[in-house]
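K.L.:
Residue-level listing of the chains:
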Amino acid sequence: MWEWSEDYTPEELMVVCGAREIKDGDVLIVGSGMPLIAASLAKRTHAPGCTMLLESGVVDAQPRRSPQNVADCCLTPGAASVHSFFEMMATHLQSGHIDIGFLAGSQVDKYGNINSTCIGDYYRPELRLPGSGGASPIGCLARRVLIMMRQAKHRFVSRVDYITTPGYLDGPGARERAGLPPNTGPVAVISTMGLFRFDSETKEMYLESHHPHTTVAEVIENTDWELKVSPAVKPTPLPSEEEIRLIRQELDPQGMLRRVLR
Amino acid sequence: MWEWSEDYTPEELMVVCGAREIKDGDVLIVGSGMPLIAASLAKRTHAPGCTMLLESGVVDAQPRRSPQNVADCCLTPGAASVHSFFEMMATHLQSGHIDIGFLAGSQVDKYGNINSTCIGDYYRPELRLPGSGGASPIGCLARRVLIMMRQAKHRFVSRVDYITTPGYLDGPGARERAGLPPNTGPVAVISTMGLFRFDSETKEMYLESHHPHTTVAEVIENTDWELKVSPAVKPTPLPSEEEIRLIRQELDPQGMLRRVLR
Amino acid sequence: MNKLMNMDEAITRFVHSGDMVYLGGYGCRCVSSASHEIIRQGLRGLTLVRCSLSDETDWLIGAGCVSRLLTSIVSLGVGMGLGAAFRRAMEQGIPNKVEMEDYTNLSLPMMLMAGSLGIPCIPVKEMWGSDLLKFTSFLGKDKFKIISCPFTSQSLMMVPAINPDVAIIHVQQADAEGNAQVWGMEGDCELGAKASGKVIVTAERIISREAIGRDPNRTIMPGFRVDAVVEEPWGSHPLAVTGFYDIDQEFRLMYREASETIEGFEGFMNEWVYDVRDRPGYVAHYQEKYGIERLEGLKAAPYFSPSVNYGY
Amino acid sequence: MNKLMNMDEAITRFVHSGDMVYLGGYGCRCVSSASHEIIRQGLRGLTLVRCSLSDETDWLIGAGCVSRLLTSIVSLGVGMGLGAAFRRAMEQGIPNKVEMEDYTNLSLPMMLMAGSLGIPCIPVKEMWGSDLLKFTSFLGKDKFKIISCPFTSQSLMMVPAINPDVAIIHVQQADAEGNAQVWGMEGDCELGAKASGKVIVTAERIISREAIGRDPNRTIMPGFRVDAVVEEPWGSHPLAVTGFYDIDQEFRLMYREASETIEGFEGFMNEWVYDVRDRPGYVAHYQEKYGIERLEGLKAAPYFSPSVNYGY
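Chains as they are written, first to last, in numbering that gives the first Met the number 0: chain A, 0 to 261; chain B, 0 to 261; chain C, 0 to 311; chain D, 0 to 311.
Just so you know, not all the hints are guaranteed correct.
Said to hold, decoys possible - In silico lysine-lysine, DSS-like type, Cα no more than 25 Å apart, as pairs:
hint, chain 1, residue 1, chain 2, residue 2
1, C, 144, D, 2
2, D, 197, C, 144
3, D, 197, C, 142
4, B, 22, D, 96
5, C, 133, C, 197
6, C, 197, A, 22
7, C, 2, A, 22
8, D, 197, B, 22
9, C, 133, C, 144
No wet-lab data here; the hints were simulated from the structure.
Quick caveat, the model's predicted, so the values are computed rather than measured.
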């Protein structure tokens with residue numbers, strides 16, 4: 000069987016955690032970077048039957064280099080289908096055919112709401128951020144949303160400055176009351192320090208496992224609300240040697256992932 | 000200059016009359032048969048800059064045989080663009096970019112309303128007819144509609160059994176009141192016996208010219224309402240020899256037009 | 000996932016009596032072969048969604064498979080007029096009454112598009128003043144709704160989304176996963192397939208996943224949305240497939256004439272549907288009866304597209 | 000009708016200060032060259048419609064051409080983040096305040112699609128619960144409307160159609176009439192162009208009408224809807240064009256860094272926009288500065304599509 004690898008970076012572990020959330024047969028919508036690598040890793044290991052859609056309009060891309068962005072021309076040759084982000088968003092996502100969406104953002108709050116629009120006041124922002132792109136519709140309409148973010152106190156906040164992408168809004172039933180489809184919403188947050196899930200009753204985020212290179216106390220310290228911790232909290236399982244090999248040798252040979260995040 | 004041709008069939012004259020309604024630069028939507036030949040004739044003579052759209056999704060078709068229907072595969076190779084009838088109907092017609100639509104039908108009435116749905120009661124038809132296809136939207140949304148029909152008393156009726164395609168409904172202002180865009184509607188009816196236009200005040204159809212092989216009296220006899228006749232009524236100008244040559248030798252070498260109508 | 004199966008299995012698994020079935024094709028790429036299998040399996044009570052119906056709808060109606068028709072035009076084309084089976088059903092209720100909801104070549108694909116977009120309805124700018132608004136059939140008051148436009152306050156006509164249970168489309172080529180590619184006239188296949196719950200792709204030829212990737216813009220339906228893939232050469236006959244074969248007008252006229260009487264219709268059905276097991280059997284019978292030359296004569300002449308570069 | 004003209008004439012005739020301008024491109028086929036000409040002509044007060052903006056929007060904002068932005072995301076991509084000129088305009092009003100209406104990659108193309116379909120609005124199923132509904136900009140109450148669905152009685156969100164004054168799209172090839180063909184990622188070019196009053200097509204190469212007809216499915220915009228055609232090799236640089244050249248990330252990062260200061264931005268603009276007359280001048284300057292090898296190195300490697308048969 001696999002050997003566990005002690006040699007990994009936090010970002011590589013995030014990718015491995017992302018891959019583990021994917022079930023065989025899932026239809027995923029991903030951007031470039033970590034989600035693309037996570038999905039590719041799942042496809043190469045336990046989920047060969049999953050389908051990867053890129054927001055830019057590409058189904059089952061076969062890139063021969065690490066894409067520089069979601070619309071990199073290297074994603075086109077060899078793909079199963081290439082059209083438009085409109086096709087992805089409207090005819091696959093809005094029509095209810097996406098199982099998993101991967102999202103990132105600058106802030107996430109305890110209900111999994113994500114902010115990628117602005118820090119401070121919307122009309123007079125301290126910091127203007129990219130905005131929604133595909134994030135808001137993915138967060139509204141994908142069955143399961145996985146959030147990948149660097150852990151930091153100013154990023155894991157009690158309430159985001161602006162809800163670009165609705166998580167559970169302000170608690171149980173709020174999504175449905177707001178008009179969103181039932182059985183959708185974030186299922187996990189994967190950070191540089193731990194893996195979080197949402198309480199099925201309260202819809203509040205809690206710590207499921209801390210990454211082996213950090214501690215529960217450190218995670219709590221880097222979270223800006225009173226973080227709940229699973230009674231069964233444990234270290235996140237290590238990546239396998241095979242997973243690390245696949246990432247480094249085949250899925251991200253240019254090490255772009257590590258370059259970007261450091 | 001051109002010589003007039005005494006040698007023509009009623010259908011050939013109809014095609015020539017249709018061609019004469021087309022101005023250079025017009026964008027036309029046509030079916031196969033007479034409208035396609037009329038448009039092609041205009042393009043080969045006085046309107047080289049007109050653009051012909053086929054309802055089936057073809058722009059500027061270059062057929063090498065007489066198409067058997069509007070979706071004949073011979074319309075595809077060499078065309079400027081090939082997609083779908085949805086593209087034609089929704090993105091070119093509904094968005095207001097069609098100057099001329101050619102329509103036919105089983106009945107037309109004095110306000111230019113067309114029936115291609117049923118004879119008798121809709122729910123218990125004596126005769127079920129094809130239905131709208133693209134006719135109703137073309138009649139609703141093209142700037143000018145040209146109607147081509149065989150003349151007969153049971154076809155030129157006071158009121159159609161079913162309005163598939165709205166003409167002027169029941170008179171001046173009725174189209175606009177019903178919700179149709181201003182400055183649209185039928186401008187001419189071309190039959191096997193004459194050319195009809197619509198009075199700008201009353202919106203009622205009147206005889207503009209009778210084809211040379213028939214008389215005003217004959218036209219009136221084959222119309223089921225008290226047909227108004229232009230005080231300046233005259234015989235329809237003959238086709239030119241060049242027009243007849245183009246039709247017979249180049250635009251309808253298989254003589255399909257004549258076969259179909261007899 | 001390999002979804003290749005034969006037509007028998009595809010229809011058995013994914014089309015059921017009472018279903019709303021979208022049929023693809025517009026003059027070409029018609030689902031002739033799938034329709035024959037539906038008839039052989041004796042399905043009943045289907046609601047067909049078909050923008051511009053062709054021979055297959057007439058067969059299905061005549062064989063008693065159809066209860067309802069959501070369509071825009073029912074002519075079989077120039078020189079053919081309305082199908083005789085259709086007319087018997089509409090005018091005399093033979094073999095059964097068929098209810099028909101009349102739309103147009105604008106509103107019906109708009110409704111399929113709304114279905115494909117996952118939205119419940121969509122505005123259209125037509126039908127005003129016509130009797131399409133006056134007479135409705137099985138959709139009743141849900142044929143259309145007139146509301147006040149929330150932006151302009153003018154009257155706005157809304158038509159409902161259509162989401163068929165299953166779509167059947169015939170394409171030039173597909174791979175075993177269901178990535179389906181077409182060229183030539185597109186009809187409303189993509190809209191119809193994307194609006195439907197299940198999708199059956201029948202294809203003139205099966206190609207590799209790698210070959211699909213050489214020209215991914217031609218894919219109109221990605222494999223993950225497809226449930227069954229059937230390799231079915233001559234699957235559209237007697238209708239055409241661009242790049243494969245031309246329309247067989249002689250055969251169509253033969254059917255048109257035969258179907259004028261119930262006996263003639265039944266004779267045609269026995270010979271071309273019930274007495275052959277599948278499409279290969281149909282093609283073999285055709286060859287036997289009319290000679291290989293006639294079949295060969297239908298095959299497409301070459302008119303090849305230039306290659307384009309997808310490189311970077 | 001021959002609509003070939005140079006970029007100078009196309010922009011002069013069809014883009015005016017105060018216009019709402021749709022810009023095509025999504026990662027590739029960006030309208031870089033047309034944007035430079037807009038800057039050179041000193042147009043002001045533009046409302047840009049751009050679903051996923053790229054470098055050209057940052058140049059246009061920094062050069063003071065833009066008053067309003069209708070968009071969904073403003074990142075220049077991984078490793079680049081937000082454009083510095085964009086941020087100066089938003090956060091400090093330099094060189095002028097830019098109002099921005101935030102939508103998403105679903106709603107904004109839906110709005111363009113509604114525009115292309117000639118309907119005044121269209122339902123979307125997203126944005127519920129988000130602050131996109133709470134904060135509006137220049138569209139005010141017309142950013143969206145919530146109505147009761149006439150079919151289901153549930154709340155239905157409607158977004159308005161967008162009909163820009165003019166669209167600019169960059170394509171692989173077009174003929175002199177404007178028949179425009181693309182392959183690779185399509186972005187929302189077809190929707191944007193069809194929604195707009197006027198259309199400028201810029202193309203990597205001009206081909207004959209006959210060559211267009213060899214593969215008419217690749218045409219995304221028929222010539223009769225196009226007003227100007229500009230032959231503009233390297234027209235998307237530093238962004239890519241599938242089959243022609245790759246992204247020039249080094250050049251983009253150079254701009255990104257330079258634009259951090261106003262002086263740096265102005266230096267870049269002088270060198271690459273104001274001091275060159277047109278795109279050939281820009282390409283000549285690039286070659287002179289960086290050598291022909293670097294330019295050649297961007298050219299696409301071969302990955303050719305198979306030919307398909309359009310015959311019958």
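K.L.:
Of the numbered hints stated previously, which ones are contradicted by the structure, given in increasing order?
P.N.:
1, 2, 3, 4 and 5
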